[in-house]
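Asks: So you can see what is in the structure, the chains are spelled out below.
Number of protein chains: 4
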Amino acid sequence: MQEFGSETESFFVFNGTGANVSGLACVTRPFQAIICAESAHINVDECCSPERFTGCKLLDVKTPDGKLKPSMVTPFFASLGDEHQAQPAVISITQASECGTVYQPSEIKDLADIAHANGMILHMDGARLANAAAYLGCTLREITGDCGVDVLSFGGTKNGMMYGEAVIFFSPVLAQEYKYFRKQAGQLASKMRYIAIQFETLLTNELWRQNAGNANNMARLLADRIAGLQNLHIAFPVESNAVFVRIPESAINTLLEEYFFYVTDDNGPVARFMTCFDTSEEDVRMFSESLQRALVQ
Amino acid sequence: MQEFGSETESFFVFNGTGANVSGLACVTRPFQAIICAESAHINVDECCSPERFTGCKLLDVKTPDGKLKPSMVTPFFASLGDEHQAQPAVISITQASECGTVYQPSEIKDLADIAHANGMILHMDGARLANAAAYLGCTLREITGDCGVDVLSFGGTKNGMMYGEAVIFFSPVLAQEYKYFRKQAGQLASKMRYIAIQFETLLTNELWRQNAGNANNMARLLADRIAGLQNLHIAFPVESNAVFVRIPESAINTLLEEYFFYVTDDNGPVARFMTCFDTSEEDVRMFSESLQRALVQ
Amino acid sequence: MQEFGSETESFFVFNGTGANVSGLACVTRPFQAIICAESAHINVDECCSPERFTGCKLLDVKTPDGKLKPSMVTPFFASLGDEHQAQPAVISITQASECGTVYQPSEIKDLADIAHANGMILHMDGARLANAAAYLGCTLREITGDCGVDVLSFGGTKNGMMYGEAVIFFSPVLAQEYKYFRKQAGQLASKMRYIAIQFETLLTNELWRQNAGNANNMARLLADRIAGLQNLHIAFPVESNAVFVRIPESAINTLLEEYFFYVTDDNGPVARFMTCFDTSEEDVRMFSESLQRALVQ
Amino acid sequence: MQEFGSETESFFVFNGTGANVSGLACVTRPFQAIICAESAHINVDECCSPERFTGCKLLDVKTPDGKLKPSMVTPFFASLGDEHQAQPAVISITQASECGTVYQPSEIKDLADIAHANGMILHMDGARLANAAAYLGCTLREITGDCGVDVLSFGGTKNGMMYGEAVIFFSPVLAQEYKYFRKQAGQLASKMRYIAIQFETLLTNELWRQNAGNANNMARLLADRIAGLQNLHIAFPVESNAVFVRIPESAINTLLEEYFFYVTDDNGPVARFMTCFDTSEEDVRMFSESLQRALVQ
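Residue numbers (the numbering used here), protein chains in the order written: chain W, 352 to 648; chain X, 352 to 648; chain H, 352 to 648; chain A, 352 to 648.
Treat the hints with caution; some may be incorrect.
Since the list can't tell identical chains apart, any single copy or any two copies may satisfy a pair.
To be verified - Using 30 Å as the maximum straight-line C-alpha spacing, the simulated BS3-like pairs for lysine-lysine come out as follows: (1) K542 <-> K420; (2) K530 <-> K460; (3) K413 <-> K530; (4) K460 <-> K420.
Don't read these hints as lab results, they were simulated from the structure.
Start from the sequences, fold in the hints, and give me the full structure.
Replies: Set out below in structure tokens:
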């Protein structure tokens, strides 16, 4: 894909788990380890597919906002060379993160630098990369290859496609064996044209930015509407299409009767409200009112 | 799916490799073995995904026509109970077979019987099950659950869908853990509705039979048109949507300039011509003429 | 082995990693998870062999003293039934723990109860089980099968054998397929008699208790001798054959010139001193004096 | 080990399956394939541990005498580059073979040449390498590294050791990551000195040759004694410590009452008689007489 630079190699796959797992398998050996945030999709939402398919251990770190920092990563390097321990080989970050926050380019570069200085790879789960680029007002390349990302899962499904993601390697050498991993992972579509045409559409005239931008705007709008409500606390900066709020459990239960959303527990329940490419202002207004009613009951 | 009986449990997945591998993983333990025809898709076309994801060994048998017979399977039972050898646990058959031939219901029953009598499972790769049912003039159930098939990969992609297959368990007990294997195998679609609606359409008013029937008819038509040509020998009975022919390598090369098809080598080249749900009589006519020209050069 | 009860099934293997990994593989399915202490050998000292060979995720918990408590385990049960997450299926504890502490029988029973109430298995890494039994003055069975342990790695190597461990199942049903996992894991000795005779010797007249008792006594002696030294803090209760001490890094470096021991970092360096079946009082005296000298430099 | 040249790197492991599987895992990627004789230990006697631990497919070939020839191997190269098929990456041969036959140096060189010419590795299962070297009257190196073998499992157990094998890499580059694979495979002995001292003894003054030579001589003696017996046919050239004979099933059953040996079926039963480092002429005489009696009953 031209958006990522001329040296890149792109491969279409079916879904996000498939993109992450096959991409990671391609750049690891089965005795190695992948460092990631505790909240990472690969750590908590893929039914240990990464462990099963790569053989690697996931070394997860608690983060305040879903974002890794070099200081969280470096302690794991102590095990390098010790045959008793899985060998750190990949740092995997999520852009936008699972908390809805967005890495600045410089933050990505810093992680890439310590990865590369230690012979490691920087992997990015970009299921919502478009949202991050829309938030930052930058190109897709400026927060991936240009920052030192080596392997990227570039999401299509969350940004309006029926299905389809892409695995992108920023160096041809890394991509050499990928086609075998994709096939083995059950991610080679026989009618690939149906994924290709969706991506072509999404990339034409930056439709991806328009879709992601709308999702971001609606999240911003939602956050603004509910920010002052009593008994409600917005848990993370709203930088993409997610609004995380701490609200009483009773309000959650009332709201769940009307809307579906995920709830996690971090010293009290945290509700995750997601907007998307076709969320409208009217949707946000109605949801906000339901939330308000739920809070005052 | 009602077509397979009320006791069945159905799960949608992305593609054929995913269906086979996740279904087989669900019914095996990693020290076991899967008996299949040497030509089986799981044996030669899935980049050892079955071995990788199930841990099992594939015990493959040469067959004259792509179909297993009990006598080919039973010799493997000698290793049952011997800890030095992978333990046969599944017989996997393909309907229609990779040679385009079709198992009669009684042939499937015989394999199911010896499988069950030995505590084993009968798995069917039904990527082209619709073609087999159309050929036999029977329902989908009559050549699967009714014959003792335990787990089925039911193909949609080869019968006109954009993407999507189903894994069907004919006993709820076998299906209990499947949802985890599907997720882990990267085969859980977040927007599953787009697979569901395609299957719903395919199963309405037996559209599947219409599509597969056309493919079969066009293969039959092709076979009839070319049967008498000099230097051409039809290698297997034409019972579904495939016509395998032995023709000289020079003819193959000429034809490959116009059409894409696979060629295998079995004491001389064998070309595989496939028809599909939207192949027309005109397509067949034009292809036959190209073939005829290629043969006389 | 009679020591563990008549219903048990015992299998000899080569080493501790082999015992843990093959035993765990036998009682898990590849989409499941194993809950353990962060310090567990399976988590930090087996080069992700458990993940690689079982396919499972390890869910690790920080502990103050190497011992799991029910309250640390139950939060993981929230993911039961959710196909996006690896399914907790085993609680794995280490007796004596990696901190040298010993589970009381009632503590083990409590963990067994919550495991079994949730359809899970209690696994025990008993590389130093003999030390725990010697400390508690009980039989081997009283802190394993009698407390609800389902699968045990029973250590021989750390208690004086040249090599050899045993995997013990407290229910024959669990053991049914183990012989295949042992073979597949490369843990089936062709000349098994050499492991058997060592275990026979160790179990005759409770030689195991004598060996482990000596190791424990020497650790106790060491702890007593050094307890009052300045700049030295004993980090965990001394209940088996390990003494963990916080001492200045300079003292560690001096001592490492004479003796080999492991050092971990937990807000400052912690040195691990191990005694064994043939450690003598003279050894302890000499080591204590070296330590004393190192501290005063 | 000096016996194999100064550039080699040697690692001790517990047993033959562990040596083969960890060595193969180190030189493969999980989408690849290993070409071997159908009779190979890795193919039929390791409970699919190679598939499970390497992820690779085993491509097995029928052989008349347990030995691969280039012409049996090259047909598999047709799949190179095709992502649908496991990619051949290793040729694995057994010296002495499972039929008791021995590869001549030139035969090994030929296989090494086609392996290397195709970017592949030559692996040797040398569980009975000493017997082959004793038979050929050559050094261990002359039929391994000097012939182009890249990775070797060098057997100790079958040649008189209690336990212990070695994995030997003939190029340091290939060995770089092996220590992690050994640990992960459960093949790292904590008291490695007990394996080391056995190997040291075996290699001192060519004790290995003396042991293997005796085994070979006793097999030769056995073959000579029974060669002319009625209803007995020696199935393969006797070149190491195995004598394979075709004898009636009744004779087999009678003999099994006195002696243990394996029987395979290849259009009629074939009994495998093995001699070893401490087989005596008296043992051979007694066995021959028992065999003679069993044949005439």
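Asks: Each of the hints needs a verdict: does it hold here or not?
Replies: Hint by hint, here is what the structure shows:
1. For the identical chains of this complex, K542 and K420 are neighbours neither inside a copy (40 Å) nor across copies (33 Å), given an alpha-carbon limit of 30 Å.
2. Taking the closest pair of Cα atoms, K530 and K460 come within 30 Å of each other only inside a single copy of the chain (28 Å); across copies the shortest separation is 32 Å, beyond that limit.
3. With identical chains, the CA atoms of K413 and K530 are at most 30 Å apart between copies only, with a shortest distance of 28 Å across copies and 34 Å within one.
4. For the homomeric pair K460 and K420, the shortest alpha-carbon distance inside one copy (11 Å) is at most 30 Å, but the shortest distance between copies (41 Å) is not.
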